[in-house]
Amino acid sequence: MIGEGTHSTNQRRHNYVQENVEVGFFTDPTVCIGCKACEVACKEWNEVPDDGFVWSGNSYDNTGHLGASTWRHVLFVEQDRQKGGQVVGSVTQSILPASLEPETGLRGGQECLPHDDPFRWIFLSDVCKHCEEAGCLEACPTGSIVRNETGTVFVQDDVCNGCGYCVVSCPFGVIDRRPEPLPNAGGAFKCTFCYDRQKSGLVPACAKVCPTESIVFGRLDDLRTRATNRLQELRQHGYQDAQLYDPQETSVRGIHAFFLILGEPEAYGLPPKPQVPTIYLKSAWTSALVTSIAALIAIFCAFLFFA
Amino acid sequence: MDTEQRLDELREQALDKGVVAGRGADVTGGPIPRRAGYYGEPVVRPPVWTWEIPVYFFVGGFSGMAAVISLVALTCDRGDVGMTALLVAAIGAILSPVLLTLDLGRPRLFLNMLRVFKYKSPMSLGAWIVFAFGTCVIPGLIALELHTQHMFGDGMDHFLKILAGLLVGGSACLGVLLATYTGVLLGATVIPAWFLHRILLPIHFGTAGLGSAAALLELLGHRIAPLYVLGFLVAAIETALWIWLEINKHGAADRALHEGNAGWLIRGGEFLSGPLALILRLTNLVPLAAISFLFGALISRFGWIEAGRVSGRDPEAVFASQR
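Chains as they are written, first to last, in the working numbering: chain V, 1 to 307; chain H, 308 to 630.
Among the hints, erroneous ones may be present.
[As the list claims (entries may be wrong)] Only pairs whose alpha carbons sit at most 20 Å apart, straight line, appear in this in silico EDC-like list of lysine to aspartate or glutamate:
1. H:Lys427 x V:Glu133
2. V:Lys208 x V:Glu22
3. V:Lys43 x V:Glu213
4. V:Lys208 x V:Asp196
5. V:Lys208 x V:Glu39
6. V:Lys43 x V:Glu133
7. H:Lys468 x H:Glu348
8. V:Lys273 x H:Glu348
9. H:Lys425 x V:Asp157
10. H:Lys425 x V:Glu78
11. V:Lys273 x V:Glu132
12. H:Lys324 x V:Glu78
13. H:Lys324 x V:Glu180
14. H:Lys427 x V:Glu213
15. V:Lys199 x V:Glu149
16. H:Lys425 x V:Glu132
17. V:Lys199 x V:Asp158
18. V:Lys273 x H:Glu623
19. V:Lys199 x V:Glu22
[To be verified] Output of the computed footprint for chain H on chain V, the stretches with three or more beta carbons under 8 Å from beta carbons of chain H:
20. 219-231
21. 262-269
Quick caveat, the hints were computed from the structure, so don't treat them as lab data. The model shown is predicted, which means the values in this text are computed figures rather than measured ones. For each residue, glycine too, the CB sits at the ideal point set by N, CA and C.
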């Protein structure tokens, strides 16, 4: 059985903020049903304004992408690849390793049509990644963006003056400046990890409402163990292209809200090798300082030798 | 075409390919999307900056470099040029924070920039540089003016001279940083078209700043040899930078710099401040060369910001830059 119901960490009170425990989200698309409860809960709890109602035509996704007024976003990925445990052709298939699938005829003891087009529909609830090395936090010139007790990244709205530098510093395109005429326009906004709720021992709104525990909230180390186990379980059941998306080997050095994905990260709009832009500072500043010195010398020479 | 024939054709297409593409029926390239990434949605966010930022880059550039010219001119006994240059720098020092503040989402909180000092944030360093530059240039100009007018007695006059020297010296040091840090500001971001050219950007912005300062002084009546030589040098460097930019292409990752409106703005800017300024200077049309360079420097800054906007919206550019 997937999910622990009322015993899950999603439903229990905690003291993570008081105990300085590193927390995170583990999001597993293989159990997501695309209900968008997380999107609605996030908007309602955090009083995030609506940012327009646009029909995108992109599967069941009319949210588009994360932004100043979208802190949870359910992706609807359509792929022409086989997925275990899904309706294929007209027959429901049991979860069976891909290697055991016969060419035609029987599958999981049941008869199925010979023309079963490979197709899978994946739902994944995207959110701010709360990077270990956060581009937005490093870039913020006002000190509005801080890391709080649980290791997550938080924007202090009363400090933010809306310079917009965090927007071009986030490797995941999460944080954005809220445009007029929305309430509190001008400031940068993103997921708060429900810091207000966490301080009171409550679980973030999105995880609390998730009916299948596709979003799991908890201690980061516990979640990483859980994710590794889940990955193994899925691989055993034929999900050969399942992988964890937690870029620990790049300069981002890991994320607090990490994902299990099927296939390549690009299909989810996730960068394959996200880098925190501070790694470019050294070469850019070297160039700036060399230019500065060269300019000084050039001006001096011009006035000395061509007077 | 005969309608029945069209219907037959559609049926054939459906049988053959399993999908019929056509207006209204093919929103995302369906039924299985073929576009890169997630329905072509951007992976990183494009910059939210508006016209104030490229104009600020331009103003900060000439004002910073004018302060350096002022220092050098004053030490080389060209007091007239030095005074005008310092005035140009002072005007820029007043305009710069105004432009920066106008671009903020919440302008009334602009002082929050000076709440913290973060050396790893070019935006934070930049705010401090602009602030410090202003506090050096404007008192420096006043001190220098009082000194040259001999308003006070000998002792006070001597003190004013030392004070002006210190302040102008400080302005010059901060000025070069003001003109070049903007390249770092763009270079240290996640926008592919910008970070891939993080070495070129500070050189380009610094050169454009120096050229604009020299051009403005020439237009203000200082047709002197040092400024002519500087104008010649920067136009040559801009030409070289343009060639470098055209050679150092990164394919899909920085295509925003070479395609569309942004590409034309950058090319146009480089043409005006590079080859055209060079030719006009060689044919001794110095005021035209100066005007051409100034326009080029301004247009190319708009081009770079526009390229960032295009590049940030382009998921394929982000993927290509990370492969």
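Measure nothing beyond the straight line between the CA atoms of V:Lys199 and V:Glu22; if it is 20 Å or shorter, mark the hint as holding. holds, 13 Å
Pairwise hint evaluation, V:Asp196 against V:Lys208, where the allowed Cα distance is 20 Å at most: At roughly 14 Å apart (the allowed maximum being 20 Å), V:Asp196 and V:Lys208 satisfy the hint.
Would you check the hint for H:Lys324 and V:Glu78, treating anything up to 20 Å between C-alpha atoms as holding? Holds, because 18 Å separates the two Cα atoms, which is no more than 20 Å.
Take the C-alpha atoms of V:Lys199 and V:Glu149, compute the straight-line distance between them, and say whether it is at most 20 Å. holds, 10 Å
Keeping to a limit of 20 Å between CA atoms, is the pair of V:Lys208 and V:Glu39 held or broken? holds, 12 Å
Going straight from one Cα to the other, do V:Lys273 and V:Glu132 come out at no more than 20 Å? At roughly 15 Å apart (the allowed maximum being 20 Å), V:Glu132 and V:Lys273 satisfy the hint.
Straight-line Cα separation of V:Lys273 and H:Glu623 no greater than 20 Å? This hinted pair holds, its Cα atoms lying about 13 Å apart.
Straight-line Cα separation of V:Lys208 and V:Glu22 no greater than 20 Å? holds, 18 Å
Pair hint outcome, V:Lys273 versus H:Glu348 [Cα-Cα no greater than 20 Å]: Status holds; Cα separation ~17 Å.
Between the region 262-269 of chain V and chain H, are there enough contacts, at least three residues with CB-CB distance under 8 Å, for the coverage claim to hold? holds (count 4)
Is H:Lys324 within 20 Å of V:Glu180, Cα to Cα? violated, 46 Å
Given the proposed pairing of H:Lys425 with V:Asp157, does the C-alpha separation stay at or below 20 Å? Distance of about 19 Å is within 20 Å: holds.
This entry does not satisfy hints 6, 7, 10, 13, 14 and 20, going by the numbered hints stated previously.
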